[in-house]
Amino acid sequence: MKTRTDELPQRLVDGRGPAAELLRKFTRQAPHAPGENAAWDGTLARLGRDAGGQRGRLLFALIVGALAGAAALYVALFPRAPFFAARPRLPERGAARSGHTATPVATAAPAPRAPAPQIKETPTADTPHIRLGRAAVGLPVGPAELVGEADVTLSPDGTARAYTTSAAATVELGTGALDLHVEKRHPEDGHAFEVAAGPYRFTVLGTVFRVSRVASDVTLSVTEGRVAVSQGKTALAVITAGGFWSGAVGEPSGPTSRGAPAAGPIAARAAPARLLAARAPGPAAPATTFVPATTSLAAGGECAARAAAGDAPAAADCFRDAATGVDLGAEVALYEAARLYRDALGQPERAVAALQEARRRFPGGALATEVSLSLAELLPKLGRYREALDETQAVLDRHPGGPRAAELHLLRGDVLRAGLARCAAAQQEYAAAAAAGDARVADAATFWRAACLELDGRRPEARAAFALYLARPQPRRGAEARRHLQALGGAEP
Amino acid sequence: MKAMATTTEALVARCIAGERQAWRELHQRYYATVYGFLRRLGVRPPDTEDACQEVFVQVFRYLATFQHRADLRTWLYKLSISQAARARRRAAVRQALRWLLRQQIADDGAPGAAWSESDAQRRVHAALDRMKEIHRGVFVLFELEGLSGEEVAAATGLPHSTVRRRLHHARREFEALLAQEDPS
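Chains as they are written, first to last, in this note's numbering: chain A, 1 to 493; chain B, 1001 to 1184.
Errors might be hidden in some of the hints.
Unchecked claim - With a straight-line cut-off of 30 Å between C-alpha atoms, the simulated DSSO-like cross-links for lysine-lysine are: (1) B:K1132 to A:K25; (2) B:K1132 to B:K1078; (3) B:K1078 to A:K25.
What the hints assert, rightly or not - Which residues of chain A face chain B? A few of them, derived with a C-beta cut under 8 Å, are: (4) L8; (5) R11; (6) R16; (7) A19; (8) L23; (9) K25; (10) F26; (11) T27; (12) E36; (13) A39; (14) W40; (15) T43; (16) L47; (17) I130; (18) L132; (19) G133.
Because the hints were derived from the structure by calculation, they are not lab data. Please read these numbers as outputs of a predicted model, since none were measured by experiment. The beta-carbon is built from N, C-alpha and C at its ideal position, and this holds for glycine as well.
In isolation and in its complexed conformation, chain A is listed as follows (with noise of 0.2 Å):
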């Protein structure tokens, strides 16, 4: 009866090492089950409700069965509402140039191979629709639809004017965030969609994305396709789906003028909340009105602008009030709050809280990786030294060999030694670290190995590793290598 029982290996508990001790500990002790008598009454009275509970179920799928009913009527009766609607196919691009009414058709296209969370609107009669021509026109804020080349959503903070050349169709970004939906690009068009704010252009390939510019802050999150980044004639990089880039701005100005062959004004500046409410579409199209979907993106633009101001307080609490929703914006204000706690106020004990809130809430989000190497910063300094070494883990096995793979392996060693006393463990992180470091990186490793060997009492290998150090070029802790030598009784090279 049991002869594949004997397939499976040896039981643990019947094995040898801490973990068969542990469960021959816990074995011996029966967890405690209370009140068998009481639990015995218990079922018993379950059994009796047994009818009641019988009838409970049959009320409950009425309930169920009942709403959706109401949900069919509804889908039925709003065919266009906003969980259900088809998103409009975007007019071809030669027929928008060839003069051709520019009206979307806004049924029976298909749904999108992916959600497109970042773009809440659906186009529809009152969206405006802007035929782009050399000469630049500034967009709305709230929904646009550049004809035969993107659907375009504008923050209610934002600004941002567009035009064409035979080259390419641009939006240059002043301020705010700008989500996009671009078809599909090929090279062999000639014609290409690009976003410019401040120093960068950020070149679509198809795709649905979001370029934001706060203060001297441009950040680029991809959601479907790829986009390439560039500073002028240097490319940067390619974004893919799921990805998230961010570049500085030297001096906060509006956008550059560059390739616009008649730089207009900026026509279209942020509108105030009433303007907004007074775009919602009438009856006849509805439940397409423009704050639900980008409340998060809104409050987070006055939140930056209190974080300027120098009132963090205020921008942390106004953040973590805009962190409501499930958008990129919720995202981006919950990451924004924690790092005004963490930088601002001193605060790292709520600046975890909200890191972590954010990795619990946006498990995949853009963020992902930056709410990790966050709280890998903040974790050791609470004194959570197991928690950062897992969350560094996380990291490097995410992005193995990464920009930030020897700093992480740096902080690993630090942890490792100074917060849990394992100076053999830690050697092996300094050593990643100054193998793959730059100059500041590979310093302090080589330091910090040295000092560790001669903490585990290896003073010939300590004696060596010092010496090394020293070799190194402008070394940052000299003095303090030279003493540690001396006292090993090694000579400075």
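Position chain B against the provided structure of chain A, taking the given hints into account.
Positioned in the frame of chain A, the structure of chain B alone reads:
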């Protein structure tokens, strides 16, 4: 073993015949087993009693259809596994409702409030809590409840090869979780 099996069969027969005392005996005999198993499957104390009662309600409701194709204990494990999954889902829904309603209710199942177990109990439970669900069931049945491979396969409804593979991964996960908790 044979005597025990016969006794169980007789007990089941008496239960099916409607003998109230037999029900009570069956409950007394298996209550601690079911309770402990549910705990090890990660059902926390406030919910464990509830889940345990639900298992026995199921037993009494469907005992007449129990045809001894499997051991009664294996059947109890099977019922407990599905009840544990249900309890965890309920806990998740409760958590979501609290979040939605912004209620600041303390998590009565949180470690610390109800932990009165020894260090070994605490550490093993903590590791079991963090194990993947698909690993936890197989691990608990084989390593802690002492079931054979065939019995684990019967209780989980999995092929024997899957049991073996999951057990292998479950052990590695368990040991890694213990090591994480105790870096020394």
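Interface restraint verdict for L132 (chain A) against chain B (beta-carbon cut-off 8 Å): violated (44 Å)
Residue hint R11 (chain A), partner chain B, criterion CB-CB below 8 Å: holds (6 Å)
T43 (chain A) as an interface hint toward chain B, with CB separation required under 8 Å: The hint holds - T43 (chain A) has a Cβ within 8 Å of chain B, the shortest such distance being about 5 Å.
Proposed interface contact between L8 (chain A) and chain B, which counts if any beta carbon pair is under 8 Å: At about 4 Å, which falls below the 8 Å cut-off, the nearest Cβ of chain B leaves the hint on L8 (chain A) intact, so it holds.
A39 (chain A) as an interface hint toward chain B, with CB separation required under 8 Å: holds (6 Å)
Straight-line alpha-carbon gap K1132 (chain B) to K25 (chain A), limit 30 Å: holds (23 Å)
Hint validity - A19 (chain A) Cβ closer than 8 Å to any chain B Cβ: holds (5 Å)
Status of the hint placing W40 (chain A) at chain B (closest C-beta pair under 8 Å): Hint on W40 (chain A): holds, closest Cβ of chain B at ~5 Å, below 8 Å.
Restraint satisfaction for I130 (chain A) [CB to CB of chain B, less than 8 Å]: Violated, because the Cβ-Cβ distance from I130 (chain A) to chain B comes to roughly 40 Å (cut-off 8 Å).
Distance restraint between K1132 (chain B) and K1078 (chain B), which requires alpha-carbon spacing of 30 Å or less: holds (18 Å)
Restraint check, 8 Å cut-off on beta carbons, for E36 (chain A) near chain B: holds (5 Å)
Interface hint outcome for L23 (chain A) [beta carbon to chain B under 8 Å]: holds (7 Å)
When each numbered hint is compared with the structure, violations occur for hints 6, 17, 18 and 19.
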